[in-house]
Amino acid sequence: MGNESINWDKLGFDYIKTDKRYLSHWRNGEWDKGTLTEDNVLHISEGSTALHYGQQCFEGLKAYRCKDGSINLFRPDQNAARMQRSCARLLMPQVSTEQFIEACKDVVRANERFIPPYGTGGALYLRPFVIGVGDNIGVRTAPEFIFSIFCIPVGAYFKGGLTPHNFLISSYDRAAPQGTGAAKVGGNYAASLMPGSQAKKAHFADAIYLDPMTHTKIEEVGSANFFGITHDNKFVTPNSPSVLPGITRLSLIELAKTRLGLEVVEGDVFIDKLSDFKEAGACGTAAVITPIGGISYKDKLHVFHSETEVGPVTQKLYKELTGVQTGDIEAPAGWIVKV
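Under the working numbering, residue 339 is the last one in the sequence shown; the count climbs by one each step, no gaps.
Bear in mind the hints are in silico, worked out from the structure with no lab data behind them.
Every residue, glycine too, gets a C-beta built ideally from N, C-alpha and C.
Be a bit skeptical, because a hint or two may be false.
Stated by the list, open to error - Simulated pairs of lysine-lysine, PhoX-like, Cα-Cα distance not exceeding 25 Å:
| hint | residue 1 | residue 2 |
| --- | --- | --- |
| 1 | K298 | K319 |
| 2 | K17 | K105 |
| 3 | K105 | K217 |
Said to hold, decoys possible - Between beta-carbon pairs, the in silico distance windows are:
| hint | residue 1 | residue 2 | range |
| --- | --- | --- | --- |
| 4 | D299 | D135 | 31 to 41 Å |
| 5 | A331 | E30 | 28 to 38 Å |
| 6 | A88 | H52 | 38 to 48 Å |
| 7 | K200 | L51 | 44 to 54 Å |
Construct the complete structure from the given sequences, taking the supplied hints into account.
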């Protein structure tokens with residue numbers, strides 16, 4: 001069954017109420033088997049730790065329609081593992097990989113009519129999350145938890161698709177040293193709202209955050225990871241305990257190494273050495289790959305390949321990644337789960 005009310009070619013990254021979402025409760029030391037529901041409103045205690053103390057985490061992954069009509073989930077095991085690490089960091093019960101993947105598949109099947117058709121560039125975005133709930137007021141872990149997954153059809157996160165965007169170096173920190181930067185928790189994103197808004201008011205796509213300890217090294221691009229291509233064809237991406245280990249970043253590291261033959265370096269990206277790179281980009285589940293045209297730092301704009309044209313290496317990475325996701329290019333072992 002199709003969904004004729006949606007203009008697939010004009011999808012952005014906006015909330016759309018879909019048919020079903022998954023809901024599971026943790027009580028008395030275990031998760032229940034979960035269920036699908038049409039209700040998109042959560043009913044929780046006013047004392048829930050998610051509301052007062054930020055005890056929550058979330059994930060983001062996509063399902064893709066393939067040319068043959070089948071459906072691909074891209075690396076859900078990696079999202080399950082990252083959510084488990086986030087839960088452990090915030091003293092929340094972990095969701096098993098099996099429950100996580102099966103719940104994702106159930107949500108995709110129940111909302112199949114919302115999957116953008118093959119060739120439109122869209123995907124079905126899944127948002128799993130765990131929140132602390134129940135009657136509570138003290139600063140402690142919650143007595144109960146909710147694990148839920150909803151989905152929305154999405155297009156490009158940044159308008160214009162695979163086109164270069166300019167970004168602004170922020171003076172604010174996204175996360176603290178030894179804090180929760182490597183966990184996918186809401187507090188990191190709340191901290192980014194004001195600097196992101198300021199960057200957009202200044203006509204940039206988003207803010208770029210430097211390392212919170214020295215403010216000399218690039219860490220993240222808005223809510224995405226950074227990568228750069230050096231003049232001698234090395235794929236470089238920041239390595240820091242306060243950087244979120246992105247699934248797209250992880251995938252590009254392997255594709256750059258095994259498919260494009262690039263040397264991969266996970267290390268420091270100093271803000272005063274941007275001239276080392278001929279291309280740069282932001283990568284993430286929502287953004288996929290967004291080429292970085294230029295970075296503004298101390299009122300000077302450093303331009304990489306071009307402000308209007310996508311660099312050749314970035315184009316190859318994008319083609320390889322999206323080809324794997326949609327089944328047009330053979331995926332490395334274990335990357336694709338058929339729904």
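Here's how the hints hold up against the structure:
1. K298 with K319: The hint is violated at about 34 Å.
2. K17 with K105: At roughly 18 Å apart (the allowed maximum being 25 Å), K105 and K17 satisfy the hint.
3. K105 with K217: Violated: K105 and K217 sit about 39 Å apart, past 25 Å.
4. D299 with D135: 31 to 41 Å: 52 Å, violated
5. A331 with E30: 28 to 38 Å: 34 Å, holds
6. A88 with H52: 38 to 48 Å: 21 Å, violated
7. K200 with L51: 44 to 54 Å: 27 Å, violated
Going down the numbered hints, you'll see the structure goes against 1, 3, 4, 6, 7, while the others check out.
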